[in-house]
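**Q** Sequence:
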Amino acid sequence: MGEHITFRRNEGLITVKPYWRGNPVVKGHFVNRQHKMKHGIGSVMKWRFSLNPQRKEKRREIWEPQLLPLKTLQNVTGHSLVWLGHNSFFMQLAGKRIMFDPVFGNIPFVRRKSKFPAEPDIFRGIDYLLISHDHFDHLDKPSIARLYRNNPGLTLFCGLGTGKLVKGWFPEMKVIEAGWYQQIADEGLKITFLPAQHWSKRSLSDGGQRLWGAFMLQGEDLSVYYGGDTGFSTHFTEIQELFGPPDYALLGIGAYKPRWFMQPNHISPYDSLTASAQMQARVTIPMHYGTFDLSDEPLSDPPAVFAEEARKRQIKVLIPALGEIVKLNKI
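Per the numbering used here, the sequence shown starts with residue 60, numbered consecutively.
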């Protein structure tokens, strides 16, 4: 007997990929299009008890990303982007204010290694909260509670199932859930939820019940791709086919060692540059590093490898400091 497959999407939204029926659901779980392997407890134990060749280097290292304190949003004008650590960003695009995967402090079982570069209460006038998936380092209930308290009119845009979880916490919040390739539009801004190769789980019994993904934002002739958490897969090649080459690509580079364990779910600095080249991004900005110690490599390893590899491949990258206001320009 074959597995029973159903397809899910939000029937109220536009789907930008022709003939896409929706996200496949197998036995009640969302699945990746390509990589189906799941790490069991055996793999986790093997990783945890394996020798880390960079263990001594990690122990000796004292490193944090450069930090430029962001005291106010008054100086953030026009199209702008601010990296807030890990996968958290503040963005201003097409007259809208957007927060990506905001995490203001520590997460369960993991202490923050770099400082959050701003007082969280400065983030006001937020129009959209974008959540890529349900993992604790991306979907942080205390951070969302604080953001929502200061921005009761914001709209959460996220993958199928994630909105239901957040609605359980904040019943009054405006929520729009999407399947892959589904889009919302607001005046001059379009936001599309897109594939990523990852997984979802917040407790022992809810694995695969919420959809993970990436985002494309388009506004006033500028486009920004936000990769979420993802392994390397075929989904990068279709970005420029669907949208044209993005002006900026925000791509993960950290939590990538050991490769045998991390490869299905986290791209390496090398993979991120290959993905950038495949989508023909004009400028690539790294994320998912320097904030939480989640893997074998030292915190300083991903940005150093990324910068050196970008130089070798002659790919244009920008590595902003925490809290730095990056002007987004069409060059």
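Heads up, a few of these hints could be off.
Restricting the straight-line Cα-Cα distance to at most 30 Å, the calculated cross-link-like pairs of lysine-lysine (DSSO-like) are [unchecked claim]: (1) LYS130 - LYS172; (2) LYS200 - LYS226; (3) LYS76 - LYS86; (4) LYS174 - LYS260; (5) LYS233 - LYS223; (6) LYS233 - LYS130; (7) LYS223 - LYS260; (8) LYS249 - LYS130; (9) LYS249 - LYS260; (10) LYS130 - LYS115; (11) LYS249 - LYS233; (12) LYS389 - LYS130; (13) LYS200 - LYS172; (14) LYS130 - LYS371.
Read the hints as simulated data drawn from the structure, not as lab findings.
All values derive from a computational prediction rather than experimental measurement.
**Q** Evaluate each hint against the coordinates.
**A** Hint check results:
no., hint, result
1, LYS130 - LYS172, "20 Å, holds"
2, LYS200 - LYS226, "11 Å, holds"
3, LYS76 - LYS86, "25 Å, holds"
4, LYS174 - LYS260, "26 Å, holds"
5, LYS233 - LYS223, "11 Å, holds"
6, LYS233 - LYS130, "28 Å, holds"
7, LYS223 - LYS260, "14 Å, holds"
8, LYS249 - LYS130, "29 Å, holds"
9, LYS249 - LYS260, "28 Å, holds"
10, LYS130 - LYS115, "37 Å, violated"
11, LYS249 - LYS233, "17 Å, holds"
12, LYS389 - LYS130, "27 Å, holds"
13, LYS200 - LYS172, "19 Å, holds"
14, LYS130 - LYS371, "36 Å, violated"
Against the hints set out earlier in the document, violations occur for numbers 10 and 14.
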